[in-house]
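Chemist: Protein sequence lines correspond, in order, to chains W and E.
Residue numbering for the first sequence is 1 to 200, as defined by the numbering used here.
Residue numbering for the second sequence is 1 to 200, as defined by the numbering used here.
No lab work stands behind these hints, which were simulated from the structure alone.
As the structure is a prediction and not an experimental result, all values here were calculated from the model.
Among these hints, one or two may not hold up.
For identical chains, the list gives no copy identity; a pair is met inside one copy or between any two copies.
[Unchecked claim] Lysine-lysine pairs mimicking PhoX-like chemistry, simulated, CA-CA at most 25 Å apart:
1) K55 / K23
2) K23 / K161
3) K96 / K161
4) K51 / K135
5) K23 / K123
6) K132 / K96
7) K132 / K53
8) K23 / K96
9) K53 / K23
10) K51 / K132
11) K123 / K51
12) K132 / K161
13) K53 / K161
Residue strings, one per chain:
Protein chains: 2
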Amino acid sequence: MLFSPTLDRLVEALRRLPGIGPKTALRLTFHILTMEDSTVEELARALLEAKQKVKHCTRCRNLTEDDLCPICRDERRDSTLLCIVQEPRDILVIEKTGQFRGRYFVLHGALSPLEGLGPSELKIPLLLQQLKTGKIREIIVATNPNVEGDATAFYLADVIKPLNIKVTRIGFGLPVGGDLEYADELTMARALEARREIDG
Amino acid sequence: MLFSPTLDRLVEALRRLPGIGPKTALRLTFHILTMEDSTVEELARALLEAKQKVKHCTRCRNLTEDDLCPICRDERRDSTLLCIVQEPRDILVIEKTGQFRGRYFVLHGALSPLEGLGPSELKIPLLLQQLKTGKIREIIVATNPNVEGDATAFYLADVIKPLNIKVTRIGFGLPVGGDLEYADELTMARALEARREIDG
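Based on the provided sequences and hints, a complete structural model is requested.
Modeler: What follows is the structure, encoded as structure tokens:
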């Protein structure tokens with residue numbers, strides 16, 4: 001119990017955010033009391049509006065306020081190339097490289113029977129329906145390099161290949177700028193598997 | 001620019017909180033979109049209510065929703081003993097020890113001419129007025145062990161001693177469980193000054 005039930009409620013509400021423990025929640029609460037009223041009101045409004053206005057793009061399931069997300073609306077994107085990612089934030093990572101000019105499809109998760117996430121929760125039927133009518137020539141599966149992400153990639157390859165579309169997986173190996181000394185054995189094994197001949 | 005201006009606004013609003021940089025703000029934003037509507041509404045309401053309802057105790061300037069804070073309302077507290085702290089959160093630290101049964105006075109800062117914080121900003125006149133009518137026999141100054149906190153402690157001692165009230169400063173030295181090897185020179189110097197004879 002803090003000095004008032006209102007403050008207790010704020011600490012509890014902040015603790016539900018990821019990475020915010022009891023100490024940080026308390027520190028934030030004390031800080032919020034010293035902030036301008038208008039700044040706190042902006043934060044409260046931004047929270048509510050994000051939940052109210054932001055939805056999934058009807059085509060790629062990226063986040064958007066409109067029916068189609070900015071990437072799906074962009075006529076200059078290559079619509080023969082599709083990249084499948086687990087989360088909207090993964091799109092930001094790929095866009096930052098400036099190397100990909102195709103479109104995306106967001107699963108909002110990976111196959112995980114334990115969590116009740118099957119193909120229909122990930123909207124894979126919607127994806128397959130789009131592939132049947134589309135002109136896509138290659139699908140890059142960029143799910144995470146872990147058990148769920150790999151299983152999802154194999155499942156996607158299985159259901160997409162009968163449609164005569166090339167399915168590729170992003171490359172795994174040592175991170176650029178990394179040091180062999182600090183590589184874990186799984187990454188090192190993948191790096192060996194992914195070896196390429198050096199052009200002479 | 002994220003996928004929607006609403007999300008950009010939420011990232012910006014979260015970044016105004018202390019210790020939350022651009023990456024954390026982005027991570028929180030994506031997480032907030034996956035939270036239940038009701039949980040986000042509770043957080044927004046808790047933010048607004050904390051600003052609207054929480055004020056300063058008219059006696060000790062601790063945080064409270066009523067005129068008097070829970071500590072000032074508690075008849076069992078020793079009203080001959082007063083502890084002066086910089087911030088409401090410092091009260092929590094002292095209460096946790098279970099060693100102090102007196103009352104508090106919160107300065108909401110320390111003397112700092114550069115920041116425009118003088119005695120009247122810290123409501124020291126209100127404190128002196130209370131001391132004149134009260135029955136306090138000892139004041140423990142628990143401001144922070146730094147330049148501003150020490151200057152504030154000396155100033156308080158100066159203005160309170162003419163009222164024939166004992167003024168003490170909390171002890172400084174090595175933290176319990178600490179190791180001499182890692183003590184900085186200022187802490188070590190204070191620990192030497194604060195040495196006591198060992199009872200034989």
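Chemist: Determine for every hint whether it applies to the structure shown.
Modeler: So, going through the hints one by one against the coordinates:
no. : hint        : result
1   : K55 / K23   : between (33 Å within a copy, 22 Å between copies)
2   : K23 / K161  : neither (51 Å within a copy, 37 Å between copies)
3   : K96 / K161  : neither (29 Å within a copy, 64 Å between copies)
4   : K51 / K135  : neither (34 Å within a copy, 55 Å between copies)
5   : K23 / K123  : neither (39 Å within a copy, 28 Å between copies)
6   : K132 / K96  : neither (30 Å within a copy, 65 Å between copies)
7   : K132 / K53  : neither (31 Å within a copy, 58 Å between copies)
8   : K23 / K96   : between (34 Å within a copy, 14 Å between copies)
9   : K53 / K23   : between (32 Å within a copy, 22 Å between copies)
10  : K51 / K132  : neither (33 Å within a copy, 54 Å between copies)
11  : K123 / K51  : within (21 Å within a copy, 42 Å between copies)
12  : K132 / K161 : within (12 Å within a copy, 87 Å between copies)
13  : K53 / K161  : neither (36 Å within a copy, 61 Å between copies)
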